[in-house]
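Top line first, the protein sequences correspond to chains D and H. Note that numbering that gives the first Met the number 0 has the first sequence beginning at 0, numbered continuously upward. Note that numbering that gives the first Met the number 0 has the second sequence beginning at 0, numbered continuously upward.
Treat the hints with care, as some may be off.
Within a straight-line C-alpha distance of at most 25 Å, the following computed BS3-like cross-link-like pairs (lysine-lysine) qualify [unchecked claim]:
#, chain 1, residue 1, chain 2, residue 2
1, D, LYS425, D, LYS206
2, D, LYS186, D, LYS29
3, D, LYS425, D, LYS320
4, D, LYS30, H, LYS20
5, H, LYS143, D, LYS152
6, D, LYS405, D, LYS430
7, D, LYS206, D, LYS85
8, H, LYS20, D, LYS85
9, D, LYS454, D, LYS420
10, D, LYS29, H, LYS23
11, H, LYS134, D, LYS34
12, D, LYS152, H, LYS55
13, H, LYS20, D, LYS29
14, D, LYS152, H, LYS45
15, H, LYS128, D, LYS214
16, D, LYS405, H, LYS23
17, H, LYS23, D, LYS152
18, H, LYS143, H, LYS125
19, H, LYS20, D, LYS140
20, H, LYS44, D, LYS30
21, D, LYS186, D, LYS411
22, D, LYS320, D, LYS12
23, H, LYS136, D, LYS152
24, D, LYS402, D, LYS206
25, D, LYS34, D, LYS320
26, D, LYS140, H, LYS125
27, D, LYS425, D, LYS186
28, D, LYS419, D, LYS402
29, H, LYS45, H, LYS136
30, D, LYS320, D, LYS15
31, D, LYS405, D, LYS247
32, D, LYS101, D, LYS85
33, H, LYS23, H, LYS136
34, D, LYS420, D, LYS30
35, H, LYS45, H, LYS143
36, H, LYS23, D, LYS85
37, H, LYS23, D, LYS140
38, H, LYS45, D, LYS34
39, H, LYS36, D, LYS152
Quick caveat, the hints were computed from the structure, so don't treat them as lab data. Being a predicted model, the structure only gives us computed values, none of them experimental.
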Amino acid sequence: MIRFGPGNLRIPKFAKPVYVVAGGLTDYRKKYPEKNTCQLCTEGLRMAVEENDLKVDPEQFRRMVNWAVYSQFADHFGDQLLAAAKIHDYLGFDPLGNVEIKTGGATGGSAVLAAAQAIASGYANCVPVVGWERMDEVTTKVGNSYIAAAACKDFESELGWMYAAYYALMAQRYQYENSVPHETLAKIAVKNRLHAYYSPFAQNPGKYTVEDVLKNEIVSDPLTFLECCVMSVGAAVLILADEETAHKLTDKPVRLAAICGGSHTLRTADRRNMPILLLPNETEATYKEYFQGRRHEWPGFSSFLAARMAAYLAYNMAGIKDPVEDFDVLETHDAFTISDVQTYEDIGLRPYGRGHEFIDSGDAYFDGRLPTNLSGGLIGTMHAVGATGVFQLVELLWQLQGKYDKFHGDPKMWTRYGKKKPADWKSLQVKNPKRGCAISHAGTGSHVTCAIMEKP
Amino acid sequence: MAIDWPTRAAEVLNDEPLVIKNDKFWYHIHSYGGWGKFFQGLRAKKLLATRCTNPKCAEKRLWLPPRAECPDCWHDMEWVEAPQVGTIYTHSTVTYPGELFRLAPGTPLISVEIEGVCTKLMSWLKDGKPAFGMKVKAVFNTAKPTNTILDLAWVPA
Ligand SMILES: [Zn+2]
Numbered sequence: 000m001i002r003f004g005p006g007n008l009r010i011p012k013f014a015k016p017v018y019v020v021a022g023g024l025t026d027y028r029k030k031y032p033e034k035n036t037c038q039l040c041t042e043g044l045r046m047a048v049e050e051n052d053l054k055v056d057p058e059q060f061r062r063m064v065n066w067a068v069y070s071q072f073a074d075h076f077g078d079q080l081l082a083a084a085k086i087h088d089y090l091g092f093d094p095l096g097n098v099e100i101k102t103g104g105a106t107g108g109s110a111v112l113a114a115a116q117a118i119a120s121g122y123a124n125c126v127p128v129v130g131w132e133r134m135d136e137v138t139t140k141v142g143n144s145y146i147a148a149a150a151c152k153d154f155e156s157e158l159g160w161m162y163a164a165y166y167a168l169m170a171q172r173y174q175y176e177n178s179v180p181h182e183t184l185a186k187i188a189v190k191n192r193l194h195a196y197y198s199p200f201a202q203n204p205g206k207y208t209v210e211d212v213l214k215n216e217i218v219s220d221p222l223t224f225l226e227c228c229v230m231s232v233g234a235a236v237l238i239l240a241d242e243e244t245a246h247k248l249t250d251k252p253v254r255l256a257a258i259c260g261g262s263h264t265l266r267t268a269d270r271r272n273m274p275i276l277l278l279p280n281e282t283e284a285t286y287k288e289y290f291q292g293r294r295h296e297w298p299g300f301s302s303f304l305a306a307r308m309a310a311y312l313a314y315n316m317a318g319i320k321d322p323v324e325d326f327d328v329l330e331t332h333d334a335f336t337i338s339d340v341q342t343y344e345d346i347g348l349r350p351y352g353r354g355h356e357f358i359d360s361g362d363a364y365f366d367g368r369l370p371t372n373l374s375g376g377l378i379g380t381m382h383a384v385g386a387t388g389v390f391q392l393v394e395l396l397w398q399l400q401g402k403y404d405k406f407h408g409d410p411k412m413w414t415r416y417g418k419k420k421p422a423d424w425k426s427l428q429v430k431n432p433k434r435g436c437a438i439s440h441a442g443t444g445s446h447v448t449c450a451i452m453e454k455p
Numbered sequence: 000m001a002i003d004w005p006t007r008a009a010e011v012l013n014d015e016p017l018v019i020k021n022d023k024f025w026y027h028i029h030s031y032g033g034w035g036k037f038f039q040g041l042r043a044k045k046l047l048a049t050r051c052t053n054p055k056c057a058e059k060r061l062w063l064p065p066r067a068e069c070p071d072c073w074h075d076m077e078w079v080e081a082p083q084v085g086t087i088y089t090h091s092t093v094t095y096p097g098e099l100f101r102l103a104p105g106t107p108l109i110s111v112e113i114e115g116v117c118t119k120l121m122s123w124l125k126d127g128k129p130a131f132g133m134k135v136k137a138v139f140n141t142a143k144p145t146n147t148i149l150d151l152a153w154v155p156a
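Work the whole structure out from these sequences, hints included.
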């Protein structure tokens with residue numbers, strides 16, 4: 000679709016307000032032989048129910064649940080079809096109804112969207128979203144083939160069997176059009192790995208320098224290993240409720256003001272040009288010069304139409320006028336440094352062609368105007384795919400509830416995962432944040448969701 | 000009559016915690032359906048694209064990868080030979096490919112822009128060093144075709 004009809008851009012509405020009340024995580028590891036998937040999901044749910052200051056005990060909570068949503072990217076990683084049924088039983092939720100959602104890397108975002116739809120329609124009023132991925136059953140090389148099976152198997156998978164290569168093709172084109180210094184891209188990897196350094200959940204924390212990233216080995220040029228997310232094992236759980244139930248459960252409910260989805264072709268090859276879909280903080284004038292520059296097409300290979308579509312709907316649904324002003328904290332799907340810069344533009348943090356300024360200006364940092372990926376993101380903390388979008392919203396919830404320190408700063412949280420809290424640990428709690436946003440992203444931009452949470 | 004225990008044992012990779020190896024041996028039977036003509040075309044050194052046959056459809060350009068039905072109007076499409084020359088729209092050399100990759104590590108992947116085609120086909124460069132805007136021409140693996148997209152490659156024109 001390159002021409003919109005009137006129905007296509009309808010702004011979604013929730014018939015009833017939707018709230019987020021609690022979140023739970025596991026730590027994330029490359030391999031997790033000590034715990035199977037059912038156990039990891041239980042661990043996430045337990046944290047959500049038992050450690051989020053809920054006003055009900057676990058047994059009372061169990062009796063309030065009336066629907067469940069499961070979030071797993073790839074059955075072939077877990078090697079267990081209908082894994083959701085096994086987990087649902089293990090969590091003791093039978094015979095309640097449930098669904099398992101699958102939209103690649105955006106599975107977590109889509110699962111929360113599905114749960115929100117259930118609450119907003121009145122179908123349910125208390126819904127756990129349980130996300131996980133188990134990526135340690137195969138070697139890294141086979142894992143890359145499995146992930147590349149989420150490219151078009153007829154015309155693209157064979158060309159590399161490696162998702163980083165498909166992103167590298169976009170990265171090269173983006174760089175050809177925009178000439179962003181590789182140093183700027185490297186800064187994203189440095190920032191997110193540093194944020195991960197403060198998180199007990201993180202798989203890839205570290206104090207790296209820009210030089211470390213630039214000198215790192217290349218996966219597919221121009222992307223280095225340190226600029227790519229890795230495969231993880233772990234789970235994440237988010238609990239959604241309607242207004243009345245939310246207040247029964249917690250004194251600190253956060254409202255899910257919007258969560259919307261967009262899509263684009265699985266094959267980057269098939270992305271035809273169209274006029275730019277403008278966000279509330281853009282006008283025709285924003286791009287007056289645009290087509291006279293080197294960049295002569297949109298979305299081309301350099302922009303994610305799915306992300307733009309999701310942001311367009313969510314911003315209009317939640318009344319966002321300017322994302323950098325209106326959000327206090329942001330979680331992006333930083334699977335690769337370059338795709339993060341592309342996303343900054345798609346979600347309107349900067350106009351197209353100027354995404355790098357979001358990093359270079361300092362806006363994206365903890366002390367900046369819109370701290371981004373304080374969780375450590377996908378590069379630093381985790382990409383257990385089905386859990387990822389859920390994890391982002393759990394971290395966002397804790398930020399909005401002022402609970403960053405509770406979950407990241409307690410030395411017991413570190414010892415729980417066999418780690419030691421660093422002596423130079425630093426709190427990344429944003430001061431009194433009101434509103435946050437999370438972007439969940441699949442494929443080379445096949446599905447994207449944009450979620451906006453705010454304090455009531 | 001007692002039934003025997005299984006003869007094929009799973010290899011134990013670790014005992015505490017217990018980790019075993021589950022073997023998998025099988026193939027998938029893949030049907031190209033209405034797109035098969037494209038891969039058959041490669042054997043005959045033809046680059047077959049499709050075009051919408053609906054006169055009311057706004058998209059007059061060719062699709063490559065081909066589609067049997069038009070995404071803009073769901074109309075049937077017709078097969079047309081696409082030009083065998085194009086330019087490199089983007090490129091990346093993959094150092095660490097995934098398990099199933101059949102070409103050598105270090106193969107440059109490319110996306111090719113072809114005049115009159117509305118898509119930018121992903122492919123690979125068989126010879127030379129890739130560059131943006133570089134003119135390339137199609138070459139075909141006819142000797143021992145894989146019947147996959149790898150049977151098409153490009154060389155400097
Ligand atoms: Zn048509």
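Given the hint that LYS20/H pairs with LYS29/D, test it: the Cα-Cα distance must not exceed 25 Å. holds (17 Å)
Against the 25 Å threshold, does the CA-CA distance of LYS45/H and LYS136/H hold or violate the hint? holds (12 Å)
Please work out if LYS425/D and LYS320/D have their alpha carbons no farther apart than 25 Å. violated (32 Å)
For the pair supplied as a hint, LYS320/D and LYS15/D, confirm whether the alpha-carbon distance does not exceed 25 Å. Holds, because 23 Å separates the two Cα atoms, which is no more than 25 Å.
25 Å Cα cutoff - pair LYS152/D, LYS55/H: violated (31 Å)
Would the hint linking LYS29/D and LYS23/H be met if the CA-CA limit is 25 Å? holds (22 Å)
Just to be careful, I want the Cα atoms of LYS186/D and LYS411/D compared with a cutoff of 25 Å; is the pair within it? This hinted pair is violated, its Cα atoms lying about 31 Å apart.
Between LYS405/D and LYS430/D, is the straight-line Cα distance small enough, at 25 Å or below? holds (15 Å)
Taking only the CA atoms, is the gap from LYS143/H to LYS152/D under or equal to 25 Å? holds (20 Å)
Measure nothing beyond the straight line between the CA atoms of LYS30/D and LYS20/H; if it is 25 Å or shorter, mark the hint as holding. holds (14 Å)
LYS45/H and LYS34/D were given as a pair; does the straight-line alpha-carbon distance stay at or below 25 Å? Violated, because 53 Å separates the two Cα atoms, which is more than 25 Å.
Regarding the pair LYS134/H and LYS34/D, is the alpha-carbon distance no greater than 25 Å? violated (54 Å)
Going through the hint list in order, the structure does not satisfy hints 3, 7, 9, 11, 12, 16, 20, 21, 25, 33, 38.
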